[in-house]
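Student: Protein sequence lines correspond, in order, to chains A and B. Quick note: the first sequence, position 131, residue 131 per my numbering, numbers continuous. Quick note: the second sequence, position 137, residue 137 per my numbering, numbers continuous.
Treat the hints as calculated values from the structure; they're not laboratory data. We treat Cβ as the ideally placed atom computed from N, Cα and C, and that holds for glycine. Some hints could be false.
[Stated by the list, open to error] Beta-carbon label-pair distances, calculated as ranges:
(1) Asn62/B / Arg223/A: 37 to 43 Å
(2) Gly312/A / Trp24/B: 25 to 31 Å
(3) Asn62/B / Glu292/A: 29 to 35 Å
(4) Thr331/A / Glu10/B: 36 to 42 Å
(5) Trp24/B / Ile257/A: 28 to 34 Å
[Stated by the list, open to error] A short list of chain A residues far from chain B (calculated; beta carbon distances all over 10 Å):
(6) Lys37
(7) Ser150
(8) Glu161
(9) Asp194
(10) Asn196
(11) Glu198
(12) Thr219
(13) Glu283
(14) Gln286
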Amino acid sequence: MDFSGFTDYTFEDFLNDDVFLAFVVEQNASDVLAWEKFKAAHPFKSKVAVAAFETISTYRQQKVFSNEEAQQSLFEKISGSITAGEPKIKKLSFLPFFRVAAVFAVVVLSAVFYFKLWNKDAVKTDYGMIKTITLPDGSEVTLNGNSKISYAADFGDGPREVWIDGEALFKVKHLNIDTNQIQPAEKFVVHCGDMNIEVLGTTFNVKSRHEKTSVGLLTGKIRVDYDGDDKNRKQFVMKPGDLIKYAGESKLIHQKIVNPKHLTAWINRQLVFQNASLEEMIEVLQDDLGYEVVLNDRKLNELSVEGEINVGSVKELLQILSTTLHLNIKTNNKKITINQ
Amino acid sequence: MSPKKVQLHETSTLEWNSFKKGDWNAYRQLYDVHFKALNNYGYKFTRDISLIEDAVHDLFVNLWARRELLGNPVSVKNYLYKSLRNLLFRKMETQQRFVKIEADEDYAFNFEVSFDTVFMEDESKRGLQRKLKEAIQTLSARQQEIIYLRFYEGLSYEEAADIMNLNISSTYKLLYKAIGKLQERIKLVDLMMMLTIFASKKALLEIN
Numbered sequence: 001m002d003f004s005g006f007t008d009y010t011f012e013d014f015l016n017d018d019v020f021l022a023f024v025v026e027q028n029a030s031d032v033l034a035w036e037k038f039k040a041a042h043p044f045k046s047k048v049a050v051a052a053f054e055t056i057s058t059y060r061q062q063k064v065f066s067n068e069e070a071q072q073s074l075f076e077k078i079s080g081s082i083t084a085g086e087p088k089i090k091k092l093s094f095l096p097f098f099r100v101a102a103v104f105a106v107v108v109l110s111a112v113f114y115f116k117l118w119n120k121d122a123v124k125t126d127y128g129m130i131k132t133i134t135l136p137d138g139s140e141v142t143l144n145g146n147s148k149i150s151y152a153a154d155f156g157d158g159p160r161e162v163w164i165d166g167e168a169l170f171k172v173k174h175l176n177i178d179t180n181q182i183q184p185a186e187k188f189v190v191h192c193g194d195m196n197i198e199v200l201g202t203t204f205n206v207k208s209r210h211e212k213t214s215v216g217l218l219t220g221k222i223r224v225d226y227d228g229d230d231k232n233r234k235q236f237v238m239k240p241g242d243l244i245k246y247a248g249e250s251k252l253i254h255q256k257i258v259n260p261k262h263l264t265a266w267i268n269r270q271l272v273f274q275n276a277s278l279e280e281m282i283e284v285l286q287d288d289l290g291y292e293v294v295l296n297d298r299k300l301n302e303l304s305v306e307g308e309i310n311v312g313s314v315k316e317l318l319q320i321l322s323t324t325l326h327l328n329i330k331t332n333n334k335k336i337t338i339n340q
Numbered sequence: 001m002s003p004k005k006v007q008l009h010e011t012s013t014l015e016w017n018s019f020k021k022g023d024w025n026a027y028r029q030l031y032d033v034h035f036k037a038l039n040n041y042g043y044k045f046t047r048d049i050s051l052i053e054d055a056v057h058d059l060f061v062n063l064w065a066r067r068e069l070l071g072n073p074v075s076v077k078n079y080l081y082k083s084l085r086n087l088l089f090r091k092m093e094t095q096q097r098f099v100k101i102e103a104d105e106d107y108a109f110n111f112e113v114s115f116d117t118v119f120m121e122d123e124s125k126r127g128l129q130r131k132l133k134e135a136i137q138t139l140s141a142r143q144q145e146i147i148y149l150r151f152y153e154g155l156s157y158e159e160a161a162d163i164m165n166l167n168i169s170s171t172y173k174l175l176y177k178a179i180g181k182l183q184e185r186i187k188l189v190d191l192m193m194m195l196t197i198f199a200s201k202k203a204l205l206e207i208n
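Next comes chain A alone, as it looks inside the complex (with noise of 0.2 Å):
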């Protein structure tokens, strides 16, 4: 390691220089021998660089609890919490699943004959709340909180439709086999607000809330149609990686995907954000985990945090945004207030 490109550093360059922070918590004997030469060989430029040196070596010296007593009884108590869990996951091998399977299509035939056609089902998601749910095809749809999505008990002959009002994941069957010929019952239709999404078989995220709804395409394919800012209806094709957002009878925006893991970390109860204003962030916590959130002055809206954040819980976030935004914020239950 070279030193002698150093000596500009001040105290706080060196304290937050990689390199240098390598060298002395590694110490490697090559470059504790460079190093002890540069202090010779810069007697005066050095000396900044060696109350660098001292301050990281001191933070060092610290108490270590490794709490080595507790290291075999407690993988014991581990062994023992998984020899317990294995039976449970074991039941949900193959076999006597596809019995529960058989029994509860058996359930929902004998329903279809008598409610066939005009009974939907229908199922909401409290605030905070994330559940998935199959169709009766077989497509899989993540419900994020606040969410509604409704659809026929049995999709028959026809077109598969739901209805969707809040945001939902949609993992959607493929049963379309000659893609010249798409016959009715393969189309899979979701309604929300204004908006039509016709699907054969594919993954996408839809977000509809206060009139507004944007699509994202992950795999597949997708067509849209929508009331055009000249009344007429619209169609727009989507291909993989496509987003779009669309409000009531206005131009339809068309972007990329930045990161199509960010799209849905909700269902992972995860908070994302990519360059998001606090008006955005503010509009999940309302609509997705029920908090009210109390400004004192509109303005604040507008800020923004600039790159990328990730967090766990509302709380990560509040900390971020307050240590980021420079605000203070208080929370009372469901309740938030924020403050310049």
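With chain A held as given, fit chain B onto it using these hints.
Tutor: Here is chain B on its own, set in the frame of chain A:
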């Protein structure tokens, strides 16, 4: 001077993969290699040892149950640190009845390192340690944690950001502020004076 520290153990991709395939010995190895460091890290947040043990317990039970779904983290150690931190935070939060978030106060709990004085024979070094200790105590918990992850664990910005669930730019800001505060408190001139005395004493000793 060799600082006393938890050794920087790491699990190789090979070991990690055999654990993921259900190799119990590899799993045990994973536990043994990281146990001490995880406890040491957890101890910075709480002195409630049973709480740390609970978190380590849950961490490893989850790890085994979800082994087939796990990806390949760049650093297993950092992945475990991050998971332990999340588990511990959740446990501490449920323990705390009143949660308040104020502007600069960040976690509702502390981050605390205990300095080792046993091997400090030299008076000037003891002085430096005292100053550093005082300076560190004026930092917020979040600032203390980033200093710890950088100076003690020797992590890069990216790694520290990942563990602390922050983006890179806020990590930079956080550390800059923390170091700025440290420097204000320690006062470089004093520090250099102190070290000069120390060096000349040492030189004297060597001559004699």
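Student: Of all the hints given earlier, name the ones this structure violates by number, lowest first.
Tutor: 5
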